[in-house]
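We have chain A already, so just place chain B on it with the hints.
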Amino acid sequence: MPQHDVLVIGAGLAGQRAALAAAEGGASVGIISKVHPVRSHSNAAQGGINAALNPEDSWESHAFDTVKGSDYLGDQDAIEIMCREAPDEILHLEHLGVTFHRNEQGKLGTRAFGGASAARTYYVADITGQAILHVLYEQLMKYSDQVDRYEEWFTTALVKDESGRIAGAVTRNIRDGSMELFTAKTVILATGGNGQIFNPSTNALICTGDGIAQAYRAGATLMDMEMIQYHPTTLAGIGLLITEGARGEGAHLYNAQGERFMERYAPNKMELASRDVVSRAEQTEINEGRGFPDGTVALDITVVPKQRIHEALREIVMVGRDFAGVDITREPIHIKPGNHYVMGGIKTNVDGETDVPGLYAAGECACVSVHGGNRLGANSLLDTLIFGRRSGAHAARVAKGMSMPTPTREELGRERELLDGIVKRDRTGRRVSEIKAEMGAVMDKHCAVFRDEEGLKVALETVKRLREEAKTVAIDDKGTVFNQDVLGALELQYMLDNAECIVTGAIERKESRGAQFRTDFPERNDEEWIKHINLSAGDDGTPEISYSEVTMTQWEPQERKY
Amino acid sequence: MPEYKLKLRRYDPESGQPAYWSEYDVDLDAERSVLQGILTARDDQDGSIGIRCSCRAAICGSCAVRINGKTALACNTAIGEAAEKAGDGNPIVVEPMNNMPVIKDLIVDMDAVHWKKVQRVVPWLLPDGDPPEREYVVPAESMIDITQSMACIQCGACVGACLSMEANPDFIGPAALAKAYRFVGDPRDGQERERLKDLAEDPDGLYTCTHCFACVEVCPKDVAPMNQIMRLRRRATGDFGIKDRNNGYGHEKAFVNLIEKYGTLHEAQLLPRSFGDGSLLKGQTEPGAVKELIENLPTAIRGLKSGKVSPVKALWHHKLPGQENVKRIFDEVHAKEDRLELNLYIVGEGNDEEIGAMAEIAKEDV
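Going down the list, the protein sequences come from chains A and B.
The letter at position 334 of the first sequence is residue 334 when you use our numbering, and the numbering goes up by one with no holes.
Residues are numbered in our numbering as their position in the second sequence, beginning at 1, plus a constant of 562.
These are calculated hints, taken from the structure and not from any lab test.
Idealized CB from N, CA, C, for every residue including glycine.
Among the hints, erroneous ones may be present.
[Unchecked claim] Result set (DSS-like, lysine-lysine): computed pairs, CA atoms no more than 25 Å apart in a straight line:
#1 B:K898 with B:K815
#2 A:K457 with A:K445
#3 B:K759 with A:K142
#4 B:K569 with A:K478
#5 A:K142 with B:K678
[As the list claims (entries may be wrong)] Pulled a few chain A residues facing chain B out of the computed Cβ check, cut under 7 Å:
#6 V38
#7 H95
#8 G97
#9 T99
#10 R102
#11 G106
#12 L108
#13 K142
#14 L205
#15 T472
#16 I475
#17 D476
#18 D477
#19 V481
[Unchecked claim] Here are some chain A residues the structure puts well away from chain B; computed CB gaps all over 10 Å:
#20 S58
#21 M141
#22 K424
Same shape as in the complex, but just chain B:
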């Protein structure tokens, strides 16, 4: 059996001392988990090592930590792989998660951060009126759709890894917003609009996410919290016309329209179009657009100076050769009756007759 070196970040709140490191050597098969490594050290060498754990199977969500700097469940990280990532002769470094206060060793205060934020999104179903005599009859797809959010085990890995939360600790954050989607996307809930309005208008709500993918990368259950946040945004703006705080909807719309028209991004037009429905010249601007544009002038000037944007380019943008093919994609998508949600939860593969949404898009459009 290979021997692995674990380096754990320890903290004893009763000692009055700062955090320190302890190293342990453990013999374990490479496919066993980092958690098993920590438990072996605890069993055989030092019973005072603190870590929450229970199921060993990535179901209970207790053991999220940072392993070699990356947030993960200790129970579904193979110790051999962790050692490889640590590199030749380096110990596997295990630390408590970020963004939450440490209680002891690898144990963080989930109540103070994670659960408080979950409470914030009114995390229970609010149906309209009395329940039916039998079950609510709802589309089968809708239940499968929100099961991606239901698959969340509240481990807090995404919260620990969230860069927006690091910058703004008040951000509601990926886990709680994914939980919110579980209700917004649930046809049995009667408060869809109110929930979306509440989350969109909260200065630390829907639009604080910067789309960095950190939560998607660390989630052990493929909940993809950021995708749930994006779907909340699409519903808020697309279905209810709720104005978002930083005009992301206008930006996205301008982006899509420009690509449809030119095949490539007409950068000089992006900013004005983001704030003006047609263009600035036509004067159909969003409230606050002039202020936003003035604030963005330095960016425009930098673009002019570097040659990225020129007055000529600003007025004229070449079309992509074969742009009609791009247009054809747009036509096809526009022709679909329902908005196609990219639900990564169910991805069919191989030669099945029934295939998932992702595969369907891949087949038709590529």
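Bound conformation, chain A alone:
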């Protein structure tokens, strides 16, 4: 039975950063991931990472941009911490070996990004997330004496002791199907987002909201789950991402009539307004008949010098070539808003602590909240690293002063039975893929850029029915080695828990703020709705709603213009 002071679940940027920080704090650390760490979805963050590192820039300016980007729903104390600590984190990564782009003087160079008042995005071509992820993994290999890696282990449930404090997790070794109880003084969830609820999505197939659902089931509070970001530039159909870096490098958006339509929506920032604004503008053009017949608008990258495209936007040259058959250096590419990121998640304080003692969350699965109603591009990598590090350091400190918990093995037995039950079940229920497809379609239809009560209620009813159906899904794989089929059945249930919370929050918030635009409540309502929507699992399994205050420090809400 593996025992650790700090057990990290998920090995993307937040998880790896937390593990390294906890190890630095002297803790014995285990890190579990359902995929090999370098397969994590942090890879997909292309554009870069924000920090006010330039002497002419200031953390206050970065913080204000973030507050404004959040549509005043972000907690300003958390945002201040993130922006203050950003420069040192960049330098730390640089010292570890991240191959950040340099300017002519050989110093760190920047690019422009959406919603930002200065060029403060540090980057590695358009593989920034991948470059940082792989460098952190180098460090995990370097420190393999202090950090035990459990690669391709799937966490099925969190375990608490009798006092209600976290005590570990039940896991399945994917490779041989064995189940194991991990004991830990503290557990850090860093399991990423839940984009697979929507179809299409930029998110990888692994982004199924596992940690969010597990925390919710264990009694943690979820916050602002309705805030789902639709990224302005995704490929129609499969939903793959075209980095905001393209617009940062100067690319333009056009409708089918050849108009640079952002002039009408954000005359100052144009294509570099914040993501919710650009996505709504595009969707408006498409809905009002000025899009292309395939339901898209055009992104023209050919205005960027070719050499610069090859140097700085190499990945999307490949995406265009391989997935759309378009040479982006020569012709515009058709794009539309697509599901990308969940601003909401497990409610934490600025040290990553959740409402369950000993349980932490960091990265996309967490909601500190630094992103509020809308995340700025290149703030997500920063969020994962700052709050990953803070969680890891805090958890290590806490673990030092306590003895190893002794959870009963009941939970392990229960989970084992649950999985065996799914494997042995006769084929009578629906297929996992059918339920997932229905969920993906209804969420993209009713819970996307524009929402209204009628549509959201349809989505809620559908999700509730699918939750019932998911309890009896049948699978084909009866084996133990790499039984991905049974894990898919578990992921489906996690996704449906997430979906129910997202829709519940979206119905509850009767205003338009950030990524939530209600056509039946089209105005932002600061009188009533500058507050977080909290959800916790009720006894009957449905979410119970409560509210918490938004922390304001120095920035009063203003009208938001770009």
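For chain B alone, coordinates are given in the frame of chain A:
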């Protein structure tokens, strides 16, 4: 929507049975991926098909397999093209990668091979002394240069396709050596010489690569691992004078000198010059050269017998007409202060003012 036939190589380690084939028909647009085809079969027909996959966008490196015999990511291989390559009426054949043990179906044991080899090259930065207060100040080009290696997604396609590794499973291999270049080429690393010496002296290291281009061909991210290996070799010999195990440096140098002198390859002189700095007659031979030359006698004799080499030709080789033009190219390259690395990562094209290294060479010398 066209219908495609997929033929997957399956293996169930719990059955006690050998690998077998399963066929699936899937309806899909031609531009969708082979991965989408496999997932469609898994979703609709057989949930027990095993394949690692995640991003669908050639970023995460999970889904490298062999498609119609060629190693590739399933997610960035269009199913229509794969069907065309399979030929009329033939199914698209998908198998697990070579050179790594199969765990189940299309899933191979990357830890046992790929990651073990990555560990071998000490894959983390080893700077000299404490870091500076701010960032390390380094040439912008150096970061762009190693970003080609950083672009590696550790999918293992090159490892699966490596012919040298097939012959010698101990070979460190293309992915790990490309990773090594990421540190050797990084001006922040303080162990360049030690790393190069270690890799050059390893009997399964730098010089086990046979230059076959298989890794370059299959790499989905244009990392061109073989090029990184060649750059490691150039740095090892050119910058640090590290003797390589099979005298590749001497061979290359003899090759280049002969071309400079004659314009074409003076084959009879190639072998002696590879081992002797000037020529054999002058007696400036490398250690072990006599032994090597004796071992190579059968090759020389075959050359004599076939008439490819004659005693006359061995002593006299005609110069290429217009050889002065060849010489001019050499003079121009020699005159450059820095060694020109052919970084394929950034290739400018068209009528930009700024152009990449490749285009620059093409413009000046051709």
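Evaluation of the provided hints:
The suggested pairing of B:K898 with B:K815 holds, with an alpha-carbon distance near 18 Å, which does not exceed 25 Å. For the suggested pair A:K457 and A:K445, the alpha carbons sit about 12 Å apart, so the restraint of at most 25 Å is met. For the given pair, B:K759 sits about 21 Å from A:K142 by alpha-carbon distance, which is consistent with the 25 Å threshold. For the hint linking B:K569 to A:K478, the alpha-carbon distance of about 22 Å falls within 25 Å, and the restraint holds.
Note on A:K142 and B:K678: the hinted pairing holds, with a Cα-Cα distance of about 13 Å set against a maximum of 25 Å. Checking A:V38 against chain B: minimum C-beta separation of about 5 Å stays under 7 Å; hint holds. Taken as an interface hint, A:H95 checks out: its beta carbon lies about 4 Å from the nearest beta carbon of chain B, inside 7 Å. Checking A:G97 against chain B: minimum C-beta separation of about 4 Å stays under 7 Å; hint holds.
The interface hint given for A:T99 holds, since its Cβ lies 5 Å from the closest Cβ of chain B, which is under the 7 Å cut-off. Taken as an interface hint, A:R102 checks out: its beta carbon lies about 4 Å from the nearest beta carbon of chain B, inside 7 Å. Residue-level restraint check for A:G106 holds (minimum Cβ-Cβ distance to chain B is 4 Å; threshold 7 Å). At a threshold of 7 Å, the smallest CB-CB gap from A:L108 to chain B is about 5 Å, leaving the interface hint in force.
Evaluation of the A:K142 hint against chain B yields a held restraint, the C-beta minimum of about 4 Å falling below 7 Å. Hint on A:L205 holds. Least Cβ distance to chain B is approximately 5 Å, under the 7 Å limit. At a threshold of 7 Å, the smallest CB-CB gap from A:T472 to chain B is about 15 Å, leaving the interface hint violated. The beta carbon of A:I475 is positioned within 7 Å of a beta carbon in chain B (closest approach about 5 Å), and the interface hint is therefore held.
A cut of 7 Å between beta carbons decides the hint on A:D476: the least distance to chain B is about 4 Å, and the hint holds. With a cut of 7 Å, the hint placing A:D477 at the interface with chain B holds, because the nearest CB-to-CB distance is about 4 Å. At about 5 Å, the closest approach between the beta carbon of A:V481 and any beta carbon in chain B falls short of 7 Å, and the interface hint on this residue holds. Separation of A:S58 from chain B is adequate, the least Cβ-Cβ distance of about 17 Å exceeding the 10 Å criterion.
A cut-off of 10 Å between C-beta atoms contradicts the statement that A:M141 is not in contact with chain B; the least separation is 6 Å. Distance check on A:K424: its Cβ is at least 14 Å (rounded) from any Cβ of chain B, clearing the 10 Å threshold; non-interface status holds.
The structure is inconsistent with the numbered hints 15, 21, although it conforms to all the rest.
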